[in-house]
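Residue numbers (the numbering used here), protein chains in the order written: chain A, 1 to 290; chain B, 1 to 280.
It should be emphasised that the hints constitute simulated quantities derived from the structure, not laboratory data.
Don't take each hint at face value.
To be verified - Using 30 Å as the maximum straight-line C-alpha spacing, the simulated DSS-like pairs for lysine-lysine come out as follows:
#, chain 1, residue 1, chain 2, residue 2
1, B, Lys130, B, Lys152
2, A, Lys4, A, Lys217
3, A, Lys176, A, Lys217
4, B, Lys52, A, Lys176
5, B, Lys152, A, Lys217
6, B, Lys97, B, Lys52
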Amino acid sequence: MTTKNMLPVAVMALAVLVLWYAGAVWLNAPTATDALNRAGHDWTTADLIRATLAMKRPILPTPDQVARDLYTSLTGYPVTSIRNLLYHTGVTAGAAMAGFGMGVVLGVALAAGIVQARTLESSLLPWVIASQTVPILAIAPMIVVILGNMGFTGLLPKAIIAAYLCFFPITIGMVKGLRSADPLTLDLMRTYSAGTAQTFRLLRLPASLPYLFTSLKIAVAASVVGAIVAELPTGGQAGLGARLLSGSYYGQTVQIWSALVMAALLSVTLVAAVGLAERVLVPGGRGGAR
Amino acid sequence: MPAAQPAPLTLVPPAADTAPRTIVDIRNLTLTYQAADHPVYALSDVSLSIAKGDFISLIGPSGCGKTTLMRVVADLEQPTSGEVTVNGMTPEQARLKRAYGYVFQAPALYPWRTVERNVMLPLEIMGMPKADRQQRAREQLDLVGLSGFERKFPWQLSGGMQQRVSIARALAFDPDLLLMDEPFGALDEITRDHLNLQLTRLWLSTRKTCIFVTHSIAEAVFLSTRIVVMSPRPGRILDVIDCDRDLPRERTLDIRESPEFQRIAHRVREGLMEGHSYDD
């Protein structure tokens, strides 16, 4: 990053921090006031502000509280320990990645089917769209219960729920991508008397890659959401979702925020990885530029 | 035939020992399609015979069916009635046997492929081994004057260069017949002159039969052995002008100043005026 770009980035980060601290003072003030009054001493505004920024169970923890909690939970225990946040992040990432993989296979297969066979478009696409109108929070426990009954626990139910969320943007983007080939280039393939499979492999598929990667970025972030949601009804032994759940049981808001930050970092990393893969896999340097 | 050498400015007879073989034969071709409220006569009773080695230009105003006619020859469009043979086969058989190369109005290059791999595309579809493909692609690129650009991507090239790549691609599998649909229509006049000169040299050296669709009278007269003047509503042939009698096969841009050239251009223009209704 050049120094020219650094300034706006730094200003934005500073603005977020200032707003966050202001929000913490404002939201924690009522509880802090109660506590100060109960203590019986006289107190000043400075006392109040200091109290709002250092509460044990704040409504909104401050950035430094979250950072400190993150630091201790990342470095205070071995990575394999259930008390290490990185362990939970790994569990969620594993489920999200497995689900993402399944979602990519399913999404691309559906899109290829829809593009190649017109009848599939009218028979399949409405179900694909309908599947996304069902709230994931409603369907996740059912999938967990059904699969648990069949003897599948652990990663698989979570991966399926993640896949359920992330195949949809892939299908939609890929259908558009596979149809994005210029009519002239399709005519061209016809003049070479290329078969359907050749046209698909040499024209439709490469033409769809820029669309696919846009969808993949959305899908990979959705897969993290799916994995976290799936961890809520599983009783919450491990994973970021479990940390969120136990955090809210015991009013550990700092722990919830730490898990949120890790989830966000995980998503950002995964989206960046997809972006990197796009750079490597889509030749021409300009993606779909024509 | 010593085509590559500077030939005397006389008519070079096409392969004197054999009679000129008919490559494309079009008989009583009619193509209508149903528009919203009335049938459109894209082509009406068109007959045309194209011999081996001919350079035929189809010229006419928009909607005269020149592109449609060429698309019928290429089996990209189905006629309503009439007969077309390409190399003695139906257009579909000819297409399946890859009898022709087609150059579109736009270069239609694949942006994710390098220039060289774009030219290799038809060879890849035909299952040619990779080493042969590459060699053939390099030869074709050399022929259109684009050696050294093999590893570039299409967007790194100018419009004229891109169209030359698409011509190289059409020539890559060495078809006898080259179909070109206004390939230089979108280019500026200087580039177009330059490419016309290159194309006529290319045609002389490869002896391909060419069908060329254009809007430009000068381009048609400069390139062609015969010019087919067409008119719209219904799409039909008004006049077929033989240029080979009056103009040498080997042409430079200077001949455009010659009286013969002017005379042919005039006749084309008159044909176009006659067929064009300017009231709509």
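Cross-check of the supplied hints:
1. Restraint check for Lys130/B and Lys152/B: satisfied, since their Cα atoms lie roughly 19 Å apart, inside the 30 Å limit.
2. The hinted pair formed by Lys4/A and Lys217/A meets the criterion: a straight-line CA distance of about 27 Å does not exceed 30 Å.
3. Between Lys176/A and Lys217/A, the direct Cα distance comes to roughly 16 Å. Compliance with the 30 Å bound is thereby established for this hinted pair.
4. Between Lys52/B and Lys176/A the alpha-carbon distance is near 44 Å, which puts this suggested pair outside the 30 Å criterion.
5. Between Lys152/B and Lys217/A the CA atoms are separated by roughly 29 Å; this keeps the pair inside 30 Å, and the hint holds.
6. Taking the CA atoms of Lys97/B and Lys52/B, the gap is about 18 Å. The hint holds against a cut of 30 Å.
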